[in-house]
Amino acid sequence: MAGGVAVRASVKVVRRGAVVVVALAIGAAAWLPLLHRFFAPSESDVAQPAQSVVARGMFKEQLGVWEDDARRTELLARMRRTNPEWDFMGRTFVAMALLNEALRDPSSMDRYLSVVDRIVDDTEALIEKHGAEHFLLPYALRGAWQVTPRKSIFIDGELAWIHAARQLVARDETRMPQLRAHIDSIVERMSEGPVASAESYPDECWTFCNTVALAALRVADVALGEDHSALRKRWVEIAKRRLVDPQTGLLVSSYRYDGAHLDGPEGSSIFMSAHDLVLVDEDFAKDQWARAKKELGKETLGFAWAREWPARAKKRGVDVDSGPIVPFVEASAGASGMAVLGAATFEDRTMLRGLLASMGLAAFPIDRAGARRYAASNQVGDAVVLYAMLQGPIVARVKSGK
Amino acid sequence: MKTVPRAARVLVAASAFLALALAALHLFGARDSVSILSGTMPAGGGESAALGALYVLAWFGTVVASPPMVFAALLLTALRLARRGSD
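Protein chains in written order, with our numbering: chain A, 1 to 402; chain B, 1001 to 1087.
Watch out, some of these pointers could steer you wrong.
Unchecked claim - One side only, chain A facing chain B, incomplete, derived with CB under 10 Å:
(1) ALA25
(2) ALA29
(3) ARG37
(4) PHE38
(5) MET79
(6) ALA375
As the list claims (entries may be wrong) - Label pairs and their computed distance ranges (CB to CB):
(7) THR148/A / PHE1060/B: 45 to 55 Å
(8) LEU32/A / ALA1013/B: 21 to 31 Å
(9) THR1003/B / VAL21/A: 18 to 28 Å
(10) GLN247/A / ALA1013/B: 43 to 53 Å
(11) ALA1023/B / GLU67/A: 13 to 23 Å
Just so you know, these hints were derived from the structure itself, not from any lab.
Just so it is clear, CB atoms sit at the ideal spot from N, CA and C, and this is done for glycine as well.
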């Protein structure tokens, strides 16, 4: 009899528990589809990213960082403890954002150009003083470079990109020798490479860096009145044959100097490469964006994010490029930030809206005095998103050939 | 029989705890310390990083989990009232 009472009590507990679980499931089913509404940007912000609340706030923040030496020094020092590349890339993306904004708002051009020039001068001075290794991971000094003296296309490519865009916005003859030196280095090393690529690290060619260099060449061609289209064409032809992952058709992230694949496609790399390729081979760029979105992009309940690796790729651990990865949904901070650049470049408004909603929910925006930064991010992460929102005028000017 | 089921009271209490924890952490400036999510150590070092991690948990608990918990509590209470009405 006592056993019967105990069984009945157990059944009651299980039934009550089941009712609570069902009530929670109903609550979740009612709430989760609404959640994105609290974080999604407005339609006008998505239609005109450069004028969005996010872009205007981030622009004010990043401009403030580069106009406040003490603050910038502290922010960059904290990033450098994790990855010195981030210091360099943060400079690049802020400079490129400012150059795009200088074309969009000519009345503020002088102010923006002075900040760009300060960024470039400071960066070139640091390289002059400490060597390019100042902005590279320590293994740059350990391996055997295939081409000597060692030079990283990571450094040359991004500096050439800024210098070329700077000349495109407003010609400055005093800065022309620096552009010339970076372009000559890129052309020489990429032309000699067996797969038309130059090393970022010892016997490591990164697609990210080589496509930035190719985009820089295109911008420089317009700024200088030159023509390096044959080199760009050769790279694309080789890339389609030898540098794509056979499973996904996406460009791999890194490869040996001879073209042997190292890392497969990565979200932290491919969205940027697709953006760069717009100035190299637009059809190939669109193809890579479409594949990257299919393989790495995720959209659900009004939110969007990107994975670092395709689902069918071999599982790998978190690394410095992917950033932390959210379990189960496999959202990568690095890939998702770069996906904003892809979505903005290829005007994928649904994806852009979802990505910005995700940033509102999970990147912890902090708005102070009209300036916005994302607390979960860092200076380079914010700079990438800022550039994504402001890019456009430089590409348009290059395409117009003026 | 009480009007509000025990499970509903627990759910509401848990939601309130999460919201209060979030408010306290926010006032303590912990939102600034979530940069650990990007692999960047916050300005205050290890202690700040721990606060940032707590903030992340409290934030998602409050924003994602709490509303379904409150909704479930209301549903359980409504069920109890309906059952009492039918008895």
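A quick look at each hint next to the structure:
no. : hint                             : in the structure
1   : ALA25                            : holds (8 Å)
2   : ALA29                            : holds (8 Å)
3   : ARG37                            : violated (12 Å)
4   : PHE38                            : holds (8 Å)
5   : MET79                            : holds (6 Å)
6   : ALA375                           : holds (5 Å)
7   : THR148/A / PHE1060/B: 45 to 55 Å : holds (51 Å)
8   : LEU32/A / ALA1013/B: 21 to 31 Å  : holds (22 Å)
9   : THR1003/B / VAL21/A: 18 to 28 Å  : holds (22 Å)
10  : GLN247/A / ALA1013/B: 43 to 53 Å : holds (50 Å)
11  : ALA1023/B / GLU67/A: 13 to 23 Å  : violated (34 Å)
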